[in-house]
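Let the sequences and hints guide you as you build the complete structure.
The chain contents come next:
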Amino acid sequence: MTGRAVNTATLAAIDGNDVLETFVSGIAVGCKYALVALGFVIIFKATGVINFAQASFVLVGAYLTYNVSQTWGANFYVALLAAMAAGFVLGVVLEELLLRRLIGEAPFTMIMLTIGILYVIDNVVTAVWGPDNLNLGDPWGIRTVEGGGLTVAVRDLWTMGLTAAVLAAFFLFFRYSKLGLAMRATALDQEVALAQGISARSVFMVSWGIAGAVAALAGATLAAGNVALQPGVGLIALVAFPAMILGGLESPLGAVVGGLIIGLVQQFTSLLAPEYFDWVGPSFEQVSPYLVMVVILLVRPYGLFGTKEVRRV
Amino acid sequence: MASTTVPSRQHGSSAPSRRRRQAGRPHRNLALDHARDLRILRSPLAKAGAVLLALVYLAAPANLTDVTLFALSYAGVYAIGAIGLNLLIGFTGQVSLGHATFFGVGAYSAAYFGVQRELPLLAYLAIATGLGLLLGLVIGPFALRLRGQYLAVVTIGLVFLGGHIFSNWESVTGGGSGAPVAGADLSVGPLDLGELELGGQIYTREQSLFWLVWALVALTALVAKNITRTRPGRAMQAVRDRDLSAEVIGVQLARYKVGAFAVAGAMAALAGALYGILQGFVNADEFGGSVGLFLSITFVAMIIVGGVGTVFGSILGAVLVEYGDTFIRENNDLALLDPIIIASAGDSGVVSSGEFNGIVFGLLIVGFLLVEPRGLAALWLRLKAYFTSWPFSY
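In order, the protein sequences belong to chains A and B.
Adding 320 to a residue's 1-based position in the first sequence gives its number in this note's numbering.
Adding 6 to a residue's 1-based position in the second sequence gives its number in this note's numbering.
If you're looking for bench data, these hints aren't it; they were derived computationally from the structure.
No residue lacks a Cβ here, since even glycine has one placed at the ideal position from N, Cα and C.
There's no promise every hint is true.
[What the hints assert, rightly or not] Restraint-style ranges between C-beta atoms, simulated for each label pair: (1) B/Val377 - A/Gly517: 31 to 41 Å; (2) A/Thr627 - B/Gly181: 38 to 48 Å; (3) B/Gly181 - A/Val465: 35 to 45 Å; (4) A/Leu492 - B/Phe333: 48 to 58 Å; (5) B/Tyr392 - A/Leu492: 52 to 62 Å; (6) A/Asp452 - B/Ile346: 37 to 47 Å; (7) A/Asp452 - B/Tyr392: 51 to 61 Å; (8) B/Gly373 - A/Gly517: 30 to 40 Å; (9) B/Phe333 - A/Ile334: 23 to 33 Å; (10) A/Asp452 - B/Glu378: 31 to 41 Å; (11) A/Ser603 - B/Tyr329: 32 to 42 Å; (12) A/Ala515 - B/His40: 13 to 23 Å; (13) B/Ile346 - A/Gly517: 41 to 51 Å; (14) B/Arg261 - A/Ile334: 42 to 52 Å.
[As the list claims (entries may be wrong)] On the chain A side, residues computed to face chain B include the following (Cβ under 10 Å): (15) Leu569; (16) Leu573; (17) Val600; (18) Leu611.
[As the list claims (entries may be wrong)] Computed far set for chain B versus chain A, every beta-carbon distance over 10 Å: (19) Leu36; (20) Ala188; (21) Arg240; (22) Leu343; (23) Gly360; (24) Leu387.
Given below as structure tokens:
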């Protein structure tokens with residue numbers, strides 16, 4: 321009885337402005353997931369592997385940005401570019417050294433290989449930079465801007481802008497560049513692409529490199545803010561799984577749409593769950609993305625934008 | 007059966023004729039019919055090995071320290087879970103990263119039915135196993151709709167959803183504060199494993215739990231072996247190799263995919279219940295979220311290290327991964343490890359023992375996948391093949 325009274329009292333507290341603010345923060349969170357998911361997608365599109373080590377690429381990118389900007393005192397944006405370049409190299413080296421040897425193996429083998437890499441890199445990162453929270457030294461900090469009754473963090477605006485820029489760059493790259501076309505052809509049919517003189521080897525290398533660079537960017541946006549850089553940052557990649565799966569594993573647009581959906585679902589769950597469906601328990605927003613993912617996959621087994629696989633005996 | 011095709015021994019009285027007949031007699035390990043081919047212990051050596059293992063099992067508690075026995079019991083618990091996962095991944099080809107949830111269901115069943123409902127040991131172990139089976143029947147149908155990597159990611163979702171339920175269903179799981187298993191009954195018939203007394207000799211809890219766990223490991227291995235060497239096993243392997251082809255030759259996909267999930271779930275839940283007993287307490291965040299995902303990955307790592315698609319490989323892998331972890335944590339002052347590991351503040355070294363364990367764990371997975379994808383079991387099988395086919399190379 322008293323519970324109901326409290327409910328009606330707090331119900332009135334959710335007004336249009338709350339919904340709008342939740343919407344904006346949902347988009348901002350979603351953009352972070354989208355950036356991580358884009359890294360997954362580009363590797364899956366070219367090589368058919370879900371790269372669990374993407375989480376460690378994110379971590380390495382964030383810590384390298386920190387190292388270059390804070391320890392070595394470089395400009396933050398220079399540091400970010402350096403970290404992206406290093407992420408590119410890391411991706412290429414891993415592909416060249418390890419992944420290459422297992423091309424054509426069962427998905428299970430590839431997944432576990434990337435998980436093994438994840439453990440090694442994550443622990444090396446913790447060993448090098450320590451388990452403490454660090455300040456990334458980004459110029460965005462915890463500043464906010466206000467407009468139309470809304471308060472938005474500057475770093476969220478940057479995240480949205482960067483995600484839009486990366487998506488646009490992907491679009492142009494896949495549509496107009498020779499390498500991008502080669503990657504699409506390889507994804508479509510490796511043998512036919514080989515017959516056209518496309519080197520699958522360089523396509524695989526470049527796609528791992530790009531994933532590494534995008535992950536570094538994602539890492540920097542995730543760790544931005546007030547002393548938010550710590551080894552757990554890579555775990556966000558786990559939440560990007562639903563985003564990537566939801567959109568369909570081989571669609572960059574799907575990754576962004578999936579990321580936005582997951583971000584919105586998460587933010588609206590944390591706004592609405594305590595009021596309307598209290599029985600799901602506290603911090604349900606941490607699991608709601610997975611629930612959405614399972615439901616959507618049951619309806620569309622290849623995600624929203626994925627292509628249905630044609631199977632032959 | 008086999009004896010009718012082998013020339014009888016009593017005719018070989020004179021030396022030259024015996025030599026001739028010996029040349030024509032098939033090797034004693036050669037399987038001449040299907041029933042013999044399917045035997046678990048095919049040669050006298052294998053039988054001797056089994057007897058030896060049984061003797062080691064009986065004698066171990068009297069000859070090892072309680073700490074070692076406890077670590078070995080944990081390894082046995084993981085072995086049971088790994089055997090189940092190997093049936094699912096190694097034999098049926100359905101990748102699951104949700105094993106931790108089944109394990110957790112078992113652990114909480116032991117806590118709920120053992121402590122809150124005060125059921126006897128065998129009853130709550132059976133209920134835990136049954137609940138794991140049921141959950142497997144619920145999750146299994148996902149494998150019919152989703153394939154390969156999509157399935158793997160959905161089972162990750164299972165870990166997060168399961169973890170949320172574990173930490174919020176307070177009346178059963180105790181919510182965030184966890185649930186005790188320590189008070190649960192520990193007797194098999196007249197024998198109380200909590201304070202076992204046999205023939206005037208009193209055994210510690212660690213000693214009797216070692217016997218309990220490893221007896222169940224043997225039972226689980228036998229069940230798994232019997233599944234894999236008969237018709238269901240062949241069907242499962244056909245599904246693994248190409249599920250569409252398997253369907254074409256008449257294997258009912260639904261039956262074997264869902265069945266494999268159910269059996270794997272049952273074994274994981276049994277392992278989880280034993281884990282709860284060993285630990286005496288179930289923590290809320292052990293089976294969900296990223297910790298749960300790590301547990302699931304550990305199970306998969308065990309079967310990779312031990313050998314994907316072999317039953318005894320699962321046991322080898324579980325013992326190596328679990329006991330190796332304990333070994334490194336407890337022996338970080340060894341001459342080889344000391345310069346690397348920072349054991350305490352101010353100690354020389356490069357990484358902490360937790361990080362070192364993580365790195366070794368990752369390298370084990372990567373190394374086995376690249377160098378020996380069939381795991382430790384393959385080393386043993388190769389050694390065996392070398393001696394059985396000697397002096398020929400194959």
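Tested hints:
no.	hint	verdict
1	B/Val377 - A/Gly517: 31 to 41 Å	34 Å, holds
2	A/Thr627 - B/Gly181: 38 to 48 Å	43 Å, holds
3	B/Gly181 - A/Val465: 35 to 45 Å	41 Å, holds
4	A/Leu492 - B/Phe333: 48 to 58 Å	54 Å, holds
5	B/Tyr392 - A/Leu492: 52 to 62 Å	58 Å, holds
6	A/Asp452 - B/Ile346: 37 to 47 Å	21 Å, violated
7	A/Asp452 - B/Tyr392: 51 to 61 Å	53 Å, holds
8	B/Gly373 - A/Gly517: 30 to 40 Å	36 Å, holds
9	B/Phe333 - A/Ile334: 23 to 33 Å	55 Å, violated
10	A/Asp452 - B/Glu378: 31 to 41 Å	38 Å, holds
11	A/Ser603 - B/Tyr329: 32 to 42 Å	36 Å, holds
12	A/Ala515 - B/His40: 13 to 23 Å	47 Å, violated
13	B/Ile346 - A/Gly517: 41 to 51 Å	48 Å, holds
14	B/Arg261 - A/Ile334: 42 to 52 Å	49 Å, holds
15	Leu569	7 Å, holds
16	Leu573	19 Å, violated
17	Val600	8 Å, holds
18	Leu611	7 Å, holds
19	Leu36	33 Å, holds
20	Ala188	26 Å, holds
21	Arg240	18 Å, holds
22	Leu343	15 Å, holds
23	Gly360	8 Å, violated
24	Leu387	19 Å, holds
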